[in-house]
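A.B. asks: Sequence:
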Amino acid sequence: MLVGAVLGCQAPRTITAPAPVADAALVAMASDEGLARLGRATAKADFAALANQFEAQINGAFCGPTSAAIVLNAVSSRSATLPRDHDRLRPDDLRHLPTGADPIVPRYTPDLVIAKGAKTRAQVLGEPVVINGRTTRDFGYQLRQFDEMLRANGLATRVVVVDEAKPEAEIRADLIANLMHADDYAIVNYRREAVGQKGGGHISPLGAYDAASDSFLVLDVNPAAASWVWMPTATLVKGMRTFDTVENRGYVLVSPR
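Take 158 as the starting number for the sequence shown in the working numbering and just add one per residue.
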């Protein structure tokens, strides 16, 4: 059985059954209503930086690393310390360039982000691991694995597990406070099926909060599966309050170290 975050990062399957009830509450940002919410939202300090650095995941298991790369590039925009991923160069790419020229744009990539974390690329892609004495394939990232990867890449984090004891009001306030200030970011880990989408576990950053509709803007890193959507707080909390391998999902608040 496939476990972990990869299931929700895959491309969508054809929908043949009636959509879940929660699906009606999701509003695409690209719609008239979605754009209106963004326009009137006051908690959107992170949106511009994240949108400027946004990239879509290219691997079904990489929603976590892609979200991390987006946030790291937003935090370190135009910094002299930004890395260059030379693994993206082909052998012949430098043939006609001046000596010493480097065409690679400085920025974090999902591959660079993975390399610094404790979970290996092979494990992210299903290499068997032992969890609680049982050998299993732990695709993608669990919440704490994702948090460890962020910290390994030099970010300060606060991980929040959304268990049954965590009040919805506290979660809402925590995320809004983050979105009110620039240079810190919120990344959510939720189960797609629980919010009315097709798929399993998924990770993506938040871009804004609209008080009038009590909804958060999820900047979905897998546009092949879902667009950016406004998700009601209750729906988002429901998606995070789901079990993944060893504990519930949740969110990570991120800031520069």
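Worth flagging that the hints you see were computed from the coordinates, not collected in a lab. Note that the structure is a prediction, hence the values are computed from the model and not measured. One thing to keep in mind: the hints can contain errors.
[What the hints assert, rightly or not] Below 35 Å or equal to it, Euclidean Cα-Cα: the simulated DSBU-like pairs (lysine-lysine) are:
1. LYS273 with LYS323
2. LYS273 with LYS355
3. LYS395 with LYS323
4. LYS355 with LYS323
5. LYS273 with LYS395
6. LYS355 with LYS395
[As the list claims (entries may be wrong)] For each label pair, taking beta carbons as the anchor points, the in silico distance ranges come out as:
7. ASP320 with ARG235: 36 to 42 Å
8. LEU251 with ASP320: 48 to 54 Å
9. GLU190 with PRO285: 41 to 47 Å
10. PRO255 with VAL318: 48 to 54 Å
11. PRO285 with ASP244: 48 to 54 Å
12. SER236 with THR402: 33 to 39 Å
13. PRO324 with ARG197: 24 to 30 Å
14. ALA369 with ASP268: 37 to 43 Å
15. SER234 with ILE288: 20 to 26 Å
16. ARG245 with ASN209: 34 to 40 Å
17. PRO255 with PRO380: 32 to 38 Å
Where is the CB? At the ideal position from N, CA and C, for every residue including glycine.
A.B. asks: Against this structure, judge whether each hint is valid.
C.D. replies: Evaluation of the provided hints:
Annotation: proposed proximity of LYS273 to LYS323 holds, straight-line Cα distance about 31 Å (limit 35 Å). For a cut-off of 35 Å, the pair hint linking LYS273 to LYS355 stands: about 31 Å separates their Cα positions. For the given pair, LYS395 sits about 11 Å from LYS323 by alpha-carbon distance, which is consistent with the 35 Å threshold. For the hint linking LYS355 to LYS323, the alpha-carbon distance of about 26 Å falls within 35 Å, and the restraint holds.
Among the hinted pairs, LYS273 with LYS395 is consistent with the structure: their alpha-carbon atoms are about 31 Å apart, no more than 35 Å. A threshold of 35 Å between alpha carbons decides the hint, and for LYS355 with LYS395 the separation of about 15 Å falls inside it, so the pair holds. Look at ASP320 against ARG235: about 39 Å separates their beta carbons, and that is inside 36 to 42 Å. Separated by about 52 Å at the C-beta atoms, LEU251 and ASP320 satisfy the suggested range of 48 to 54 Å.
Separated by about 46 Å at the C-beta atoms, GLU190 and PRO285 satisfy the suggested range of 41 to 47 Å. In this structure, PRO255 and VAL318 meet the distance hint of 48 to 54 Å, their C-beta atoms being roughly 52 Å apart. Range check, PRO285 to ASP244: about 25 Å between beta-carbon atoms, so the 48 to 54 Å window is missed. Roughly 35 Å separates the CB atoms of SER236 and THR402, a value that falls within the hinted 33 to 39 Å.
One distance hint, 24 to 30 Å for the beta-carbon pair PRO324 and ARG197, holds here, with the actual separation near 26 Å. Here the CB-CB span from ALA369 to ASP268 is close to 40 Å, well matched to the stated 37 to 43 Å. As the Cβ distance of SER234 to ILE288 is approximately 37 Å, the hint placing it in 20 to 26 Å is violated. Distance hint check for ARG245 and ASN209: the Cβ-Cβ separation is about 20 Å, which falls outside the suggested range of 34 to 40 Å.
One distance hint, 32 to 38 Å for the beta-carbon pair PRO255 and PRO380, holds here, with the actual separation near 37 Å.
When the structure is compared with the earlier hints, violations turn up for hints 11, 15 and 16 and for no others.
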